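J.: Using the sequences and the accompanying hints, generate a full structural model.
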Amino acid sequence: MKQSRYLILVLFVLAAALLSACTGAMTASSWPGITPQDDTIYVANSSFVYALRPADGGEIWRFPEKAEGQKMFYAAPVLADGQLIVGDYQHTLYSLNPATGRENWRFEDATNRYIASPLVVDGLILAPNADHVLYALDMDGKLVWSYETGQPLWASPVSDGSHIYLAGMDHNFYALDAQTGELVWQKDLGAAMLYTPTLSEDGHLYVSTLKNTIVVLDANGTVAWEWQGDAAVWAQPALRDGRLYFGDQLGVLYCVDAEKGSVIWTIDAGGEDDIAAFGTPLLLENVAVFSMENGDVIGVSYEGAKQWTRSITGTLYAGPVLAGDRFLVGVNKGESLIVTFDLNGNESWSFKLDSKKK
Amino acid sequence: MWDALIVTPFINALLFIYNLVGQNFGIAIILFTILIRLITHPLMASQIKGSKSMQALQSDPEYKEMMEKYKGDREKLAAEQMRIYKEKNIKPFASCLPTLIQLPIIIGLYQAIIAALASTPVELINLTRHIYPALLKVEALIPLNARFLWMDLGQPERLNLPFLSFGIPVLAIVVVVTTFLQSKLITPPSSNPNDQGAQMAKMMNWYMPIFMGYLAFTLASGLSLYFVISNLIGIGQYALLGSLNWSNLLPKSKRPAPAAAVAGPTKKSDSVVQLATSSRPEPQKKADDSSTNRGNKQIRPPRKKNRS
Chain A
0 MKQSRYLILV LFVLAAALLS ACTGAMTASS WPGITPQDDT IYVANSSFVY ALRPADGGEI
60 WRFPEKAEGQ KMFYAAPVLA DGQLIVGDYQ HTLYSLNPAT GRENWRFEDA TNRYIASPLV
120 VDGLILAPNA DHVLYALDMD GKLVWSYETG QPLWASPVSD GSHIYLAGMD HNFYALDAQT
180 GELVWQKDLG AAMLYTPTLS EDGHLYVSTL KNTIVVLDAN GTVAWEWQGD AAVWAQPALR
240 DGRLYFGDQL GVLYCVDAEK GSVIWTIDAG GEDDIAAFGT PLLLENVAVF SMENGDVIGV
300 SYEGAKQWTR SITGTLYAGP VLAGDRFLVG VNKGESLIVT FDLNGNESWS FKLDSKKK
Chain B
0 MWDALIVTPF INALLFIYNL VGQNFGIAII LFTILIRLIT HPLMASQIKG SKSMQALQSD
60 PEYKEMMEKY KGDREKLAAE QMRIYKEKNI KPFASCLPTL IQLPIIIGLY QAIIAALAST
120 PVELINLTRH IYPALLKVEA LIPLNARFLW MDLGQPERLN LPFLSFGIPV LAIVVVVTTF
180 LQSKLITPPS SNPNDQGAQM AKMMNWYMPI FMGYLAFTLA SGLSLYFVIS NLIGIGQYAL
240 LGSLNWSNLL PKSKRPAPAA AVAGPTKKSD SVVQLATSSR PEPQKKADDS STNRGNKQIR
300 PPRKKNRS
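Respectively, the protein sequence lines represent chains A and B.
Numbering-wise, the first sequence is residues 0 to 357 according to numbering that gives the first Met the number 0.
Numbering-wise, the second sequence is residues 0 to 307 according to numbering that gives the first Met the number 0.
A few of these clues could be false.
To be verified - Computed cross-link-like contacts, EDC-like style, restricted to lysine to aspartate or glutamate with a CA-CA straight-line distance of at most 20 Å:
#, chain 1, residue 1, chain 2, residue 2
1, B, Lys63, B, Glu74
2, B, Lys136, A, Asp187
3, B, Lys136, A, Glu225
4, A, Lys186, B, Glu138
5, B, Lys136, A, Glu258
6, A, Lys141, A, Asp130
7, A, Lys332, B, Glu122
8, B, Lys48, B, Asp59
9, A, Lys70, B, Glu122
10, B, Lys136, A, Asp130
11, A, Lys259, A, Glu302
These aren't lab readings, by the way, just hints derived from the structure by calculation.
What you are looking at is a predicted structure, and each value in this text was computed from that prediction instead of being measured.
T.: As structure tokens, then:
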């Protein structure tokens with residue numbers, strides 16, 4: 000009888016651990032957030048923020064040194080004024096020493112996840128949180144102002160210096176005064192926005208919505224044009240030479256005229272299986288590099304011809320990121336967390352989760 | 000296959016209700032749980048009926064006599080059992096089959112709630128893939144309004160009061176209480192509280208609420224809300240079928256102990272005292288006592304040697 004009692008107790012503990020691990024808050028997952036710098040690549044993934052050497056992917060440090068319960072990091076860290084700012088999936092924003100990974104300060108006023116990266120403008124850290132609030136902090140982590148929207152904020156803001164532009168999940172696009180955080184204007188775009196808007200040099204804002212649209216706003220909040228697609232665009236549109244590049248959930252890659260909103264070319268990279276193209280494409284000198292959900296990385300010329308395809312084991316939810324003379328791809332459920340390629344698409348080093356500190 | 004047949008339809012039904020009730024996800028979870036439990040109520044009723052018949056059979060004199068008679072002959076015992084089941088029109092699997100059918104539905108409901116509470120980009124991508132475009136519009140649904148009362152249904156619940164430095168896990172406490180009540184109320188009375196089955200049930204009555212409370216404390220409060228509603232409906236269903244065992248909630252009255260050997264000790268210390276103080280041979284027990292007080296056998300004082 001006593002043995003049965005212990006057995007039942009052990010089974011309950013195992014079931015609790017299993018259910019907790021399979022559901023809800025503990026298993027929050029996303030794709031790795033990557034921030035390349037000259038001498039270090041910073042990666043936020045799961046329980047840690049990593050600093051890696053660009054030459055070989057060797058680990059320099061990790062924060063925290065040991066995994067701490069439900070603390071998770073996925074938003075790409077931001078380096079500004081000698082601080083590495085990164086938010087976690089609980090409710091804490093950290094400032095770390097970029098050389099050592101030691102904590103400078105932490106901000107804990109938020110009540111939900113930091114899904115988007117912060118933006119640092121003129122000594123102001125702008126950190127959007129899933130608790131609906133955009134927090135503006137000084138570089139010592141003290142709250143300067145905050146602005147509350149109607150729903151979670153999953154997109155990083157952008158700024159032209161005087162205004163902060165914020166795409167909300169509450170269907171509203173906001174322009175705030177950069178110094179005071181006061182609302183300048185807001186525009187209801189009819190659907191949630193999950194990705195950062197692209198700000199052009201002439202002040203136009205390009206943003207994707209869950210209504211399968213790309214909307215273009217001018218600096219006063221007037222809609223210049225709206226492009227209606229067949230599927231959701233899970234990406235920030237990439238802008239180069241008056242053209243927008245993005246892929247959609249059906250795997251169609253688009254090149255669209257940024258001024259008129261007309262389609263210049265499309266490629267059905269998703270094929271019959273409609274493999275989604277997620278993330279912002281990387282615009283290199285000769286090719287635009289797209290990530291496909293099935294692990295394919297596709298180089299497409301600016302004339303709309305496929306140049307090369309590389310395959311990675313795993314799922315790709317984010318676009319490639321440029322790091323000097325190579326580009327990096329963050330991988331979900333793959334053999335490696337990060338795979339790197341040279342600018343011709345030849346695979347270089349990869350970083351695996353069990354890589355030891357070198 | 001599982002997703003297409005169970006989870007996806009459940010997600011769409013849940014979100015359809017969410018739209019109908021003015022985009023309140025808490026109300027949607029409550030209504031959807033009630034709906035699923037109503038649909039599966041005939042199965043539940045059949046399960047309760049089956050288990051009641053089986054329980055009644057355990058105390059049937061003919062059945063007990065047969066069990067005693069053929070306890071050494073497995074084949075004969077099985078044949079006789081089948082004969083009695085047939086005679087009394089009892090289906091031995093009537094209580095198991097409905098449970099097996101209900102199980103995937105309950106798991107599907109649980110998974111649908113988790114999926115609908117998408118609170119990360121990857122979860123949201125997966126959720127949008129489950130939505131039937133002909134039935135629901137993603138742009139009108141997303142983001143789900145996860146606020147319900149003081150809770151964010153996508154986060155573990157805590158009630159923060161201005162005079163307290165910590166949040167009170169109200170919903171986790173309610174989950175513990177309702178799980179405990181449900182376990183107690185639906186546990187049938189045991190003919191012998193000392194047998195192994197009854198002891199296991201007693202343990203489960205304590206472990207289960209703690210287990211569910213832990214889950215409610217750590218997981219999204221939308222799931223805790225589902226646990227509470229599910230427990231309350233479970234109690235309601237048993238009440239409707241007249242199968243609640245209210246006596247389990249009342250404090251047990253201690254039986255008078257007319258003779259130490261008849262009223263068996265429940266604690267080890269009792270038996271030690273009894274062994275130490277017993278100076279006379281125990282009076283012989285009646286034959287029918289032995290069946291209901293099997294547990295007493297092991298603590299009966301050793302027979303004294305006749306030294307005269």
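J.: Out of the numbered hints, which ones does the structure contradict?
T.: The structure conflicts with hints 5, 10, although it agrees with all the remaining ones.
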